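Visitor: Kindly produce the complete structure, drawing on both the sequences and the hints.
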Amino acid sequence: MTLIKETDFGTPQSTAEKTVTITVDGFDVSVPEGTSVMRASMEAGIQVPKLCATDMVDAFGSCRLCLVEIEGRRGTPASCTTLVEEGMQVRTQTDRLKGLRRGVMELYISDHPLDCLTCAANGDCELQDMAGAVGLRDVRYGADAQNHFKMRDGGGEVNACWKPKDESNPYFTYDPAKCIVCSRCVRACEEVQGTFALTITGRGFDSRVTAGMSESFLDSECVSCGACVQACPTGTLQEKSVIDIGQPERSVVTTCAYCGVGCSFKAEMRGDELVRMVPYKDGKANRGHSCVKGRFAYGYAAHQDRILNPMVRESVDLPWREVSWDEALSFAANKMKGIQQQYGKESVGVITSSRCTNEETFLVQKLTRAVFENNNTDTCARVCHSPTGYGLGQTFGTSAGTQDFDSVEHSDVVLVIGANPTDGHPVFGSRLKKRLRQGAKLIVIDPRRTDLVKSPHIKASHHLALRPGTNVAIVTAMAHVIVTEGLFDEAFIRERCDMDEFQDYVEFVSDPANSPEAAELLTGVPAEEVRGAARLYARGGNGAIYYGLGVTEHSQGSTTVIGIANLAMLTGNIGKKGVGVNPLRGQNNVQGSCDMGSFPHELPGYRHVKNADARDIYEQIWGVTISDEPGLRIPNMLDAAVEGTFKGIYVQGEDILQSDPDTKHVAAGLAAMECVIVHDLFLNETANYAHVFLPGSTFLEKDGTFTNAERRINRVRKVMAPRNGYADWEVTQLLANAMGANWTYTHPSQIMEEIAATTPSFANVTYDLLEEQGSVQWPCNEEMPEGTPTMHLDGFVRGKGRFIRTDYVATDEKTGPRFPLLLTTGRILSQYNVGAQTRRTDNVVWHEEDVLEIHPHDAEVRGIKDGDWLKLMSRSGETSLRANVTDRVSTGVVYTTFHHPATQANVVTTDYSDWATNCPEYKVTAVQVSLSNGQTDWQEEYQEHAARSRRIEAAE
Amino acid sequence: MALQTQSQDIEKETAAIIDVHEHQEGPLLPILHDVQGKFGYVPEDALLKIADRLNLSRAEVHGTMSFYPDFRTEPAGRHVLKVCRAEACQSMGGEKLADDIQRDLGIKWHETTPDGKVTLEPVYCLGLCSCAPAAMMDGNLHGRLDEDAVLKLVEEVK
Numbered sequence: 001m002t003l004i005k006e007t008d009f010g011t012p013q014s015t016a017e018k019t020v021t022i023t024v025d026g027f028d029v030s031v032p033e034g035t036s037v038m039r040a041s042m043e044a045g046i047q048v049p050k051l052c053a054t055d056m057v058d059a060f061g062s063c064r065l066c067l068v069e070i071e072g073r074r075g076t077p078a079s080c081t082t083l084v085e086e087g088m089q090v091r092t093q094t095d096r097l098k099g100l101r102r103g104v105m106e107l108y109i110s111d112h113p114l115d116c117l118t119c120a121a122n123g124d125c126e127l128q129d130m131a132g133a134v135g136l137r138d139v140r141y142g143a144d145a146q147n148h149f150k151m152r153d154g155g156g157e158v159n160a161c162w163k164p165k166d167e168s169n170p171y172f173t174y175d176p177a178k179c180i181v182c183s184r185c186v187r188a189c190e191e192v193q194g195t196f197a198l199t200i201t202g203r204g205f206d207s208r209v210t211a212g213m214s215e216s217f218l219d220s221e222c223v224s225c226g227a228c229v230q231a232c233p234t235g236t237l238q239e240k241s242v243i244d245i246g247q248p249e250r251s252v253v254t255t256c257a258y259c260g261v262g263c264s265f266k267a268e269m270r271g272d273e274l275v276r277m278v279p280y281k282d283g284k285a286n287r288g289h290s291c292v293k294g295r296f297a298y299g300y301a302a303h304q305d306r307i308l309n310p311m312v313r314e315s316v317d318l319p320w321r322e323v324s325w326d327e328a329l330s331f332a333a334n335k336m337k338g339i340q341q342q343y344g345k346e347s348v349g350v351i352t353s354s355r356c357t358n359e360e361t362f363l364v365q366k367l368t369r370a371v372f373e374n375n376n377t378d379t380c381a382r383v384c385h386s387p388t389g390y391g392l393g394q395t396f397g398t399s400a401g402t403q404d405f406d407s408v409e410h411s412d413v414v415l416v417i418g419a420n421p422t423d424g425h426p427v428f429g430s431r432l433k434k435r436l437r438q439g440a441k442l443i444v445i446d447p448r449r450t451d452l453v454k455s456p457h458i459k460a461s462h463h464l465a466l467r468p469g470t471n472v473a474i475v476t477a478m479a480h481v482i483v484t485e486g487l488f489d490e491a492f493i494r495e496r497c498d499m500d501e502f503q504d505y506v507e508f509v510s511d512p513a514n515s516p517e518a519a520e521l522l523t524g525v526p527a528e529e530v531r532g533a534a535r536l537y538a539r540g541g542n543g544a545i546y547y548g549l550g551v552t553e554h555s556q557g558s559t560t561v562i563g564i565a566n567l568a569m570l571t572g573n574i575g576k577k578g579v580g581v582n583p584l585r586g587q588n589n590v591q592g593s594c595d596m597g598s599f600p601h602e603l604p605g606y607r608h609v610k611n612a613d614a615r616d617i618y619e620q621i622w623g624v625t626i627s628d629e630p631g632l633r634i635p636n637m638l639d640a641a642v643e644g645t646f647k648g649i650y651v652q653g654e655d656i657l658q659s660d661p662d663t664k665h666v667a668a669g670l671a672a673m674e675c676v677i678v679h680d681l682f683l684n685e686t687a688n689y690a691h692v693f694l695p696g697s698t699f700l701e702k703d704g705t706f707t708n709a710e711r712r713i714n715r716v717r718k719v720m721a722p723r724n725g726y727a728d729w730e731v732t733q734l735l736a737n738a739m740g741a742n743w744t745y746t747h748p749s750q751i752m753e754e755i756a757a758t759t760p761s762f763a764n765v766t767y768d769l770l771e772e773q774g775s776v777q778w779p780c781n782e783e784m785p786e787g788t789p790t791m792h793l794d795g796f797v798r799g800k801g802r803f804i805r806t807d808y809v810a811t812d813e814k815t816g817p818r819f820p821l822l823l824t825t826g827r828i829l830s831q832y833n834v835g836a837q838t839r840r841t842d843n844v845v846w847h848e849e850d851v852l853e854i855h856p857h858d859a860e861v862r863g864i865k866d867g868d869w870l871k872l873m874s875r876s877g878e879t880s881l882r883a884n885v886t887d888r889v890s891t892g893v894v895y896t897t898f899h900h901p902a903t904q905a906n907v908v909t910t911d912y913s914d915w916a917t918n919c920p921e922y923k924v925t926a927v928q929v930s931l932s933n934g935q936t937d938w939q940e941e942y943q944e945h946a947a948r949s950r951r952i953e954a955a956e
Numbered sequence: 001m002a003l004q005t006q007s008q009d010i011e012k013e014t015a016a017i018i019d020v021h022e023h024q025e026g027p028l029l030p031i032l033h034d035v036q037g038k039f040g041y042v043p044e045d046a047l048l049k050i051a052d053r054l055n056l057s058r059a060e061v062h063g064t065m066s067f068y069p070d071f072r073t074e075p076a077g078r079h080v081l082k083v084c085r086a087e088a089c090q091s092m093g094g095e096k097l098a099d100d101i102q103r104d105l106g107i108k109w110h111e112t113t114p115d116g117k118v119t120l121e122p123v124y125c126l127g128l129c130s131c132a133p134a135a136m137m138d139g140n141l142h143g144r145l146d147e148d149a150v151l152k153l154v155e156e157v158k
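Protein sequence lines, in the order shown, are assigned to chains A and B.
In terms of the working numbering, the first sequence is residues 1 to 956.
In terms of the working numbering, the second sequence is residues 1 to 158.
Each hint should be verified, as a subset may be incorrect.
[Stated by the list, open to error] No farther apart than 25 Å at their CA atoms in a straight line, the calculated lysine-lysine pairs in the DSS-like style are these:
1) B/K12 / A/K454
2) A/K163 / B/K108
3) A/K459 / B/K12
[Unchecked claim] Computed list of chain A residues with no C-beta within reach of chain B, every gap over 10 Å:
4) K345
5) G795
6) H857
7) E860
[Unchecked claim] Counterexamples of contact, computed for chain A against chain B with all Cβ distances above 12 Å:
8) V20
9) V253
10) A513
No lab work stands behind these hints: they were computed from the structure.
Please read all numbers here as calculations on a predicted model, not as lab measurements.
Glycine included, each C-beta is placed from N, C-alpha and C at the ideal position.
Guide: Shown next as structure tokens:
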């Protein structure tokens with residue numbers, strides 16, 4: 001293995017279809033029209049020296065190093081800003097050019113410190129490379145002249161041009177002394193990330209890169225995505241980890257384990273130490289971009305809280321006892337076997353993880369189906385995207401997004417519903433914002449004014465700030481407009497959809513009760529806005545819908561998903577690039593965990609357990625009888641536990657106590673069980689009620705695959721040995737074997753072979769194919785041997801698309817005099833989910849506690865000021881947190897995140913859930929807010945209990 | 001007077017200026033000019049308001065403004081004296097004149113006299129090379145200056 005360095009072509013690729021042929025130094029090269037001479041030369045294998053150009057951003061033409069000579073043209077044009085023309089004769093290396101380049105380099109170096117040997121970028125510095133490339137041998141301009149890199153001048157006076165390093169960001173340093181003002185960082189921040197946090201202040205010799213209004217990076221708008229650090233050709237913007245450790249020596253391409261975008265990264269290593277994570281340009285989900293979590297927040301893997309040895313205890317009020325793997329596994333196996341003997345086969349179950357690999361998830365559901373011999377398996381998708389599975393399955397025939405992320409580059413109108421991609425799915429958010437800056441229109445349906453509604457250079461054409469819980473009314477009202485104003489695509493519907501159902505739907509949706517005017521009473525959104533949005537979506541060109549948990553986590557989550565599918569079918573926005581219905585998946589492998597049969601009623605590949613043919617495939621291979629009765633869902637498991645019929649659970653990589661609704665009920669369920677096996681990196685909140693703790697491995701320590709929101713199967717590669725001794729799939733196998741199974745997998749590729757052999761949509765997937773293609777999107781089978789970027793191309797997977805009526809039924813969770821406000825929950829950029837990982841990194845500098853967003857009017861009538869301690873009460877429970885008074889939320893709505901266990905926002909949320917899938921209604925809770933002087937009794941008790949449950953007996 | 005302007009007034013006045021220019025292409029510079037014309041400098045509150053209304057980042061408006069030395073971040077003295085330091089004036093004794101003025105007023109470039117009356121700024125060519133050395137007091141040009149002539153100018157405005 002060596003260090004992977006992607007070719008930098010200097011300017012972005014042209015998408016033109018016409019090609020142009022030019023000659024570079026006597027070699028012919030054909031490139032698409034609109035390509036720069038610099039890129040064409042690179043395609044021909046000739047690298048023109050350059051500093052300010054890099055192919056992630058547009059050409060700028062400021063460094064004057066990439067000059068070339070072109071026959072028939074005067075002077076020496078910059079090759080980055082000069083576009084190819086047919087028959088052009090380019091020379092990149094002449095005496096004249098050599099002299100000019102040397103002169104330019106000499107000027108650069110005259111204002112740059114010559115401390116290369118002690119510079120962190122030594123070996124990875126383009127300035128150094130270019131000095132070498134142009135043959136710089138001497139700098140005639142004395143360093144006594146005005147400069148930016150000496151703190152003091154010759155006489156000991158302070159140099160007014162010198163500026164100290166900015167080390168405010170926890171992950172990278174900005175050292176202005178080394179800056180050559182090429183503007184690559186400024187352009188990366190603008191063009192790639194779309195935050196516009198950097199600028200050049202001053203002019204001429206005074207020009208400096210600065211963040212915000214000459215603030216520190218941390219105080220500025222910077223979101224720490226790392227694009228500027230990646231773009232910097234010198235050591236000016238440098239990862240602190242590289243400063244600490246030194247340059248890496250090898251890289252391993254792998255997949256980020258945070259959100260559902262599934263970015264490809266190069267894990268750059270020195271020995272078995274991870275030096276840095278750098279986004280991989282050939283990654284098809286992220287195209288070389290990253291966010292603060294994937295790029296920098298990996299420190300949890302080496303955090304001192306990580307548990308590396310198995311532990312057991314007889315009861316949860318005793319301290320933990322560290323034991324050997326053998327003892328822990330036989331302890332767990334005996335308990336589970338005993339429970340099954342005493343209470344029956346159905347008394348135990350598993351919860352698979354959307355954070356673990358496909359192979360691991362497959363094994364965990366195999367554990368319950370083949371070893372426990374029941375269908376009691378569920379996963380955290382239950383609490384996020386299960387309505388997507390149901391809704392899209394019913395209407396289109398597959399429970400997955402229809403596009404790849406590249407598709408957004410072809411969209412003309414983007415409808416974002418209940419999603420906050422700039423925080424939750426930042427890399428997709430950046431790609432979306434790039435398209436919006438090119439002129440695509442945006443409609444946002446969200447109770448909160450997210451950054452997409454308005455941020456620099458981005459403005460939604462329509463923001464439908466609806467009352468939480470009224471998604472169905474809004475979506476149906478939009479369909480009403482499209483149908484009654486005749487904006488639907490009749491040809492598409494006739495060709496691809498079931499006409500009887502369409503006519504039934506038309507009758508339903510045309511009812512004046514479903515008009516925007518009628519919906520206004522429920523949603524609070526002016527009817528004219530809804531009409532405008534519907535017209536824009538229907539007639540604005542390629543219309544794409546992206547939605548998130550704001551759609552699914554409702555009592556009518558499945559209905560909204562169906563409503564969204566109806567909108568796309570009505571307007572013909574399915575089956576080509578730039579359109580589609582795209583769920584933004586919460587976790588890295590939530591798609592995969594659903595694909596792998598984690599649900600109690602479905603075998604891998606979404607085949608119902610009632611389906612005898614599907615059962616037969618597994619019964620043959622596994623040599624067991626598979627129950628045709630669907631098993632228990634998470635909430636049912638907990639109910640059964642409280643009733644005393646469900647006694648044992650194996651939870652891999654999920655913290656149900658913190659992430660599932662109605663914390664007190666979850667705690668009661670766990671407390672009633674006799675054997676709770678937690679398999680995780682940390683003693684999470686669920687582990688407070690566990691009897692066996694099996695240490696887990698991070699994504700850096702194992703092989704496998706993740707499937708992202710675009711159905712893309714991406715390789716996860718082991719870059720270091722598991723610190724706990726075993727990869728998670730090995731631990732599950734050990735547990736299965738301790739229970740009497742005889743599994744003999746020696747590598748995850750063998751598990752993938754089993755998945756491919758038994759699951760039609762994965763039939764062609766092998767590790768060899770993934771190695772060759774980088775990644776593939778399922779379905780990947782004989783029909784589509786290299787995968788499927790866009791689904792439903794010539795017709796819906798299920799045959800004819802189905803329109804289904806979407807009656808609005810108000811949630812039972814209603815506001816009233818005692819609980820007049822509606823609480824909705826969400827994520828912020830720097831933290832991830834329950835925060836188990838990000839809280840154990842320096843990301844806490846951006847978000848050290850959960851706060852409650854409340855509108856100034858609601859705050860004023862309660863006497864609340866920004867930063868006050870508040871008590872947040874619902875019918876389920878109460879907690880306390882600090883106030884953030886802001887008009888991002890409407891009056892009557894409050895908002896918080898659930899990243900910190902001390903807050904436990906889910907103490908407040910109710911146990912209402914989606915009618916079809918039991919997905920909990922996190923997004924609507926009626927609450928009251930009042931001033932408080934600190935934490936609630938419950939929070940104090942909880943913290944005390946957690947501390948007691950986490951005791952570990954001292955080793956003897 | 002400008003110094004006492006409250007931040008609410010700044011926001012209100014700035015919003016009115018933005019209303020005038022918002023719809024033209026490239027509105028930022030005309031807005032900055034009018035804001036400086038109104039307040040004598042570009043207050044930070046105004047800059048934030050401009051960024052918000054034009055949908056630009058704080059960094060962008062700051063970067064644009066800092067490119068032009070004429071835009072001030074703080075109020076100037078009552079009167080602004082700009083002394084040319086470009087080549088033609090230098091060749092006619094401009095360097096010495098610049099030193100003399102700084103010594104006489106007791107301030108350096110970009111500073112304001114303690115009584116708040118005069119702010120001294122360098123400028124690079126006023127287009128009055130034929131009458132070098134030249135300076136500009138509150139927008140009015142003066143040529144063929146020497147130390148006494150400048151002091152007289154200062155006395156007049158004081």
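Visitor: Hint by hint, say whether it matches the structure.
Guide: Verification of the hints:
At most 25 Å may separate the alpha-carbon atoms for a hinted pair to count; B/K12 and A/K454 meet this at roughly 21 Å. Simply put, A/K163 and B/K108 have alpha-carbon atoms about 22 Å apart, close enough for the 25 Å limit, and the pair holds. A C-alpha spacing of about 23 Å is found between A/K459 and B/K12, which places the hinted pair at or below 25 Å, so the restraint holds. At roughly 61 Å from the closest C-beta of chain B, the C-beta of A/K345 stays outside 10 Å, upholding its exclusion from the interface.
With a minimum CB-CB distance of about 42 Å to chain B, A/G795 clears the 10 Å threshold, and the non-interface call stands. For A/H857, the requirement that its beta carbon stay farther than 10 Å from each beta carbon of chain B is met, with the minimum near 19 Å. At roughly 18 Å, the least C-beta separation between A/E860 and chain B is larger than 10 Å, which holds for a residue marked as non-interface. Annotated as non-interface, A/V20 keeps its C-beta farther than 12 Å from every C-beta of chain B; the closest such distance is 33 Å.
The claim that A/V253 is not at the interface with chain B holds, since no C-beta of that chain comes within 12 Å of its own (minimum 33 Å). The non-interface label for A/A513 is consistent with chain B: the shortest C-beta to C-beta separation is roughly 38 Å, beyond 12 Å.
The structure shown violates none of the earlier numbered hints.
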